[in-house]
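Each protein sequence line maps, in turn, to chains A and B.
Going by the numbering used here, the residue at position 394 of the first sequence is 394; the numbering climbs one at a time, nothing skipped.
Going by the numbering used here, the residue at position 43 of the second sequence is 524; the numbering climbs one at a time, nothing skipped.
The set of hints was computed from the structure by calculation and includes no laboratory data.
Not one of these hints is a red herring.
With beta-carbon atoms standing in for the labels, derived distance ranges: (1) A:Lys163 / B:Ala535: 48 to 54 Å; (2) A:Glu149 / B:Lys504: 41 to 47 Å; (3) A:Glu288 / B:Val516: 33 to 39 Å; (4) B:Arg519 / A:Glu288: 30 to 36 Å; (5) B:Lys504 / A:Asp372: 33 to 39 Å.
As a list, the in silico DSS-like pairs of lysine-lysine whose alpha-carbon atoms are at most 30 Å apart: (6) A:Lys89 / B:Lys504; (7) A:Lys386 / A:Lys301; (8) A:Lys329 / A:Lys163; (9) B:Lys504 / A:Lys301; (10) A:Lys108 / A:Lys173; (11) A:Lys301 / A:Lys5; (12) A:Lys15 / A:Lys386; (13) A:Lys386 / A:Lys329; (14) B:Lys504 / A:Lys377; (15) B:Lys504 / A:Lys386; (16) A:Lys89 / A:Lys377; (17) A:Lys377 / A:Lys301.
For each residue, glycine too, the CB sits at the ideal point set by N, CA and C.
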Amino acid sequence: MSEVKTQEFRRASAKVLANAKLQSYLGRSMGTFDGARAEAIEEISPERWEELRQQGREIKRHTLDNLDYYLEMLQERVTANGGHVHFAKDAAEARAIVGQIAQTRGLKLAIKSKSMVSEEMGLNPFLESIGTEPVETDLGEYIIQLAEETPFHIIAPAMHKSKEEVSELFGEKIGRPNLQDIEAMAGAAREVLREKLVSADMGITGANFLVAETGTVTLITNEGNGRFCTSVPRVLVSITGMEKVVPSMEDLATFIRLLPRAATGQRISSYVTHVYGPKRPEDEDGPEEYHLIIVDNGRSKLLADPDLREALYCIRCGACLNTCPVYRKVGGHSYGWVYPGPIGAVVSPVLVGLERSKDLPNASSLCGACKDVCPIKINIPHMLLKLRSQISEGSPTSSTKASFVDRITSKGYRRLMSSPRLLGMARTLGLLAQWPFSRGSFIRRMPIPPFSRWTRTRDMPALAPKSFRQVWKERLEEEGR
Amino acid sequence: MIEGVGTPSEQFIASVREALGRKAGPPERPYARMVEERASVEERAEATMERLSANRRANVDELARVASLRGWVVHRAEGVEDAVGYVYQLAQKLETRRVVRSVEDVFGDVPLDDALTSLGATVHVMARGDESAGSFDPADADLGVTGVDYAIAETGTAVILPRRGVSRVTSLLPPVHVALVKPSQTLEGLDDLYLLRRLAYLRDGVDAGSYMNFITGPSRTADIEQTLVIGAHGPRETHMVILDWGL
Ligand code: SF4
Numbered sequence: 001m002s003e004v005k006t007q008e009f010r011r012a013s014a015k016v017l018a019n020a021k022l023q024s025y026l027g028r029s030m031g032t033f034d035g036a037r038a039e040a041i042e043e044i045s046p047e048r049w050e051e052l053r054q055q056g057r058e059i060k061r062h063t064l065d066n067l068d069y070y071l072e073m074l075q076e077r078v079t080a081n082g083g084h085v086h087f088a089k090d091a092a093e094a095r096a097i098v099g100q101i102a103q104t105r106g107l108k109l110a111i112k113s114k115s116m117v118s119e120e121m122g123l124n125p126f127l128e129s130i131g132t133e134p135v136e137t138d139l140g141e142y143i144i145q146l147a148e149e150t151p152f153h154i155i156a157p158a159m160h161k162s163k164e165e166v167s168e169l170f171g172e173k174i175g176r177p178n179l180q181d182i183e184a185m186a187g188a189a190r191e192v193l194r195e196k197l198v199s200a201d202m203g204i205t206g207a208n209f210l211v212a213e214t215g216t217v218t219l220i221t222n223e224g225n226g227r228f229c230t231s232v233p234r235v236l237v238s239i240t241g242m243e244k245v246v247p248s249m250e251d252l253a254t255f256i257r258l259l260p261r262a263a264t265g266q267r268i269s270s271y272v273t274h275v276y277g278p279k280r281p282e283d284e285d286g287p288e289e290y291h292l293i294i295v296d297n298g299r300s301k302l303l304a305d306p307d308l309r310e311a312l313y314c315i316r317c318g319a320c321l322n323t324c325p326v327y328r329k330v331g332g333h334s335y336g337w338v339y340p341g342p343i344g345a346v347v348s349p350v351l352v353g354l355e356r357s358k359d360l361p362n363a364s365s366l367c368g369a370c371k372d373v374c375p376i377k378i379n380i381p382h383m384l385l386k387l388r389s390q391i392s393e394g395s396p397t398s399s400t401k402a403s404f405v406d407r408i409t410s411k412g413y414r415r416l417m418s419s420p421r422l423l424g425m426a427r428t429l430g431l432l433a434q435w436p437f438s439r440g441s442f443i444r445r446m447p448i449p450p451f452s453r454w455t456r457t458r459d460m461p462a463l464a465p466k467s468f469r470q471v472w473k474e475r476l477e478e479e480g481r
Numbered sequence: 482m483i484e485g486v487g488t489p490s491e492q493f494i495a496s497v498r499e500a501l502g503r504k505a506g507p508p509e510r511p512y513a514r515m516v517e518e519r520a521s522v523e524e525r526a527e528a529t530m531e532r533l534s535a536n537r538r539a540n541v542d543e544l545a546r547v548a549s550l551r552g553w554v555v556h557r558a559e560g561v562e563d564a565v566g567y568v569y570q571l572a573q574k575l576e577t578r579r580v581v582r583s584v585e586d587v588f589g590d591v592p593l594d595d596a597l598t599s600l601g602a603t604v605h606v607m608a609r610g611d612e613s614a615g616s617f618d619p620a621d622a623d624l625g626v627t628g629v630d631y632a633i634a635e636t637g638t639a640v641i642l643p644r645r646g647v648s649r650v651t652s653l654l655p656p657v658h659v660a661l662v663k664p665s666q667t668l669e670g671l672d673d674l675y676l677l678r679r680l681a682y683l684r685d686g687v688d689a690g691s692y693m694n695f696i697t698g699p700s701r702t703a704d705i706e707q708t709l710v711i712g713a714h715g716p717r718e719t720h721m722v723i724l725d726w727g728l
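Let's have the full structure, built from the sequences with the hints guiding it.
Following this line, the structure appears as structure tokens:
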């Protein structure tokens with residue numbers, strides 16, 4: 001599995017927060033994505049968008065609720081189309097399958113089109129170890145491969161790199177120094193990669209959707225590298241999470257309307273590629289051999305929990321990242337594993353283990369923006385709350401419990417909030433206690449734990465002189481009701 | 482086949498079933514689309530074809546409008562000469578040396594080879610057994626010309642089904658791609674396309690083809706500082722020539 005650093009969320013995010021340049025850049029570019037999405041929705045009309053979201057959600061719900069049935073159908077049809085279907089329960093099995101294919105066929109150069117699961121598996125170092133050269137061919141993925149980093153964003157993996165950094169990287173790693181503008185950089189990458197694209201013997205892709213009824217793998221791309229990967233090499237391998245299935249080809253119309261709009265605000269991407277197994281004997285070109293590897297790697301834990309199952313509806317558009325006030329501050333790497341942002345805060349803890357990702361479900365203000373923008377209406381805040389309570393109470397998926405203080409506070413909080421009388425008393429005490437520490441409407445430093453820990457990284461809003469309940473009551477009286 | 486690695490399919494699917502707490506068999510609450518009889522899919526497809534031919538004009542107009550918004554250079558040719566002339570002038574402007582094209586009926590309607598050859602360009606047909614191919618590497622071509630199988634008005638998309646005579650890379654390798662579209666190939670929306678391709682698979686299974694490509698304008702990337710660059714690994718320039726006479 002690719003290296004898990006989810007336990008380092010606090011340290012990693014503090015570093016990003018202190019980087020002023022990245023901060024201003026992050027805010028700006030996330031806003032660009034967000035704006036493009038809003039515009040595309042306006043164009044198709046909000047009513048139509050709602051209709052599509054509902055359709056998308058219902059298709060996903062039906063498919064995931066009957067996933068075993070559709071996986072069986074998919075396997076049967078891909079096989080009928082002349083492909084091979086493999087199942088991997090975890091990353092190690094998935095690597096072994098890819099390794100076996102590459103080694104028994106003597107494959108030396110693998111061109112890759114974006115696959116998140118291959119990140120989960122740590123596929124690139126593995127391929128290198130068996131003597132097959134992996135080359136990422138999506139420009140963003142290529143940049144982070146050269147930089148030896150992990151994706152910063154689901155759909156814009158290298159968005160944290162400035163053009164100066166890319167220029168330096170290209171000078172150092174591919175012998176193309178002093179490129180000034182972005183067009184020249186893209187051009188240099190195109191040239192270097194073209195040679196690989198036309199000579200590779202292995203193609204590796206992910207999948208946006210798998211159509212059960214026709215055994216079709218669908219890829220949505222803009223650059224054209226996915227077309228090379230599926231056209232040129234003699235062996236093609238698609239590696240994908242098991243949740244990507246949809247029942248029928250006709251379902252694709254809905255998702256193709258949803259995904260590019262939510263992701264980049266595009267009405268459709270430049271290319272939508274549909275692969276039905278290997279080339280047929282009479283075809284001019286295409287892979288002689290086709291393999292589809294379907295990976296679980298912890299997904300059945302999400303499937304088994306009715307509260308978390310809908311995390312598997314995700315179509316990886318990145319909209320929840322772009323809109324999330326936390327992601328916009330801490331960026332993608334802080335989340336410590338393949339999937340960042342709000343959806344990552346749900347998926348990663350379950351896939352890598354709750355005990356080492358306790359901070360992720362808390363990395364959210366539960367503002368609900370993610371749910372509002374999600375093209376599948378996935379209720380992320382609800383799932384984050386579920387995970388928080390699993391952490392604090394201990395659960396089947398987690399062997400650890402929250403600290404004593406956390407448990408006591410969360411119990412105390414519940415009592416307090418359910419009794420107006422207790423709440424009133426607590427307020428009065430609080431007003432007295434905060435008096436020495438507050439400056440204006442914020443408390444910057446508190447001396448006693450556990451509060452001192454909180455104010456180390458944040459300012460705490462001080463209790464207002466009048467409570468909301470008081471103000472509300474006075475308002476009503478003023479208006480004479 | 483791959484022996485001894487991975488989880489056997491029965492075991493994998495059984496574990497998914499167990500996670501769901503479900504019994505084997507089709508969904509308890511069926512999905513209307515998936516229990517539809519073939520005859521009903523066929524009826525819908527027929528109704529679609531009728532609707533398309535009744536609305537052809539409007540669909541072609543919409544295709545031309547949307548395709549140009551999506552980055553195609555759209556030319557509505559009024560006759561054979563106009564279509565050939567357009568490609569001729571384009572090749573002239575680009576100083577084209579090598580052209581690749583596929584083998585499709587549309588080249589019977591629009592004979593391009595002589596015009597392009599008269600410019601001094603060589604025309605290579607990308608098909609097996611084609612003599613002109615020789616030692617020619619299609620990666621060196623500077624212009625690729627293809628027909629299409631469908632064109633979708635909703636999205637401004639050309640749909641190509643590679644097969645004998647139609648290579649996957651004619652529209653991918655050269656920096657400039659010209660797609661010839663007959664009005665009769667125009668569909669209104671994505672639903673029409675997927676319905677027709679679904680039916681093709683239900684009828685012909687494995688023989689329905691190995692690949693389907695949607696092409697919507699030039700290739701592009703915005704992976705560096707979100708700045709749009711037109712022309713990534715695929716063509717930087719795409720032309721849609723609509724053969725706007727009784728085809
Ligand atoms: S959870 Fe929704 S918004 Fe977030 S990436 Fe997935 S589909 Fe997109």
